[in-house]
Amino acid sequence: MKREILVREAMRTKILTCSPSDTVQEVAKKMRKNRVGSSVVMSKGKPVGILTESDILEKVVAEGRDASRTKVEEVMSTPLLTIDPYTAIEDAMKVMSKHNVRRLPVVEKGKLIGIITEKDLFRISPTLIEMSKEWSLIEGGIPAPSTQVSISGKCEGCGRLSTDLREVDGRFLCEDCREG
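Per the numbering used here, the sequence shown starts with residue 1167, numbered consecutively.
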């Protein structure tokens, strides 16, 4: 059976929240202080929207609105897209990609319990890659394809400059040296 990483294992539980009646300026200051890109908007203990850096930039700054007078409820993203903590990380990635969002509040039984962001997913991606490789070996005995990164520079085999150096046995080689 394949072991999946669940949203609850990668989410952050420290969540910045705000009220629909807060001003954008107040919330933006809290976002800066807490070094986060969003604040979940709560009303009567329930998440009802999210205010993101993009909302502030596109709906306040670019429109010439006064952030000290603009209420969060006027510019927040709503309806709020949320995810269950027992959802597989891969499925969370698909949801984020499909809906073009960078963060998903995590809700369990109507209660906000965390948030998962692109940064969280990026942080655990090496673990996902390793798990994929291990399962490929266990299930089929065939190694999973490795992730290749191209680098520009001087080939350690022939000394020529290349825009397609790849690591082979600890050395960065051009295409000619890799094939020959």
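Just so you know, the hints here were simulated from the structure itself, not pulled from any lab data.
It is possible that part of the hints are untrue.
[Stated by the list, open to error] With a cut-off of at most 25 Å between alpha-carbon atoms, the simulated PhoX-like pairs for lysine-lysine come out as follows:
1. K1196 x K1277
2. K1210 x K1275
3. K1225 x K1275
4. K1260 x K1196
5. K1210 x K1277
6. K1237 x K1212
Okay, the hints, checked on the actual structure:
{"no.": "1", "hint": "K1196 x K1277", "verdict": "22 Å, holds"}
{"no.": "2", "hint": "K1210 x K1275", "verdict": "15 Å, holds"}
{"no.": "3", "hint": "K1225 x K1275", "verdict": "31 Å, violated"}
{"no.": "4", "hint": "K1260 x K1196", "verdict": "30 Å, violated"}
{"no.": "5", "hint": "K1210 x K1277", "verdict": "11 Å, holds"}
{"no.": "6", "hint": "K1237 x K1212", "verdict": "18 Å, holds"}
Going down the numbered hints, you'll see the structure goes against 3 and 4, while the others check out.
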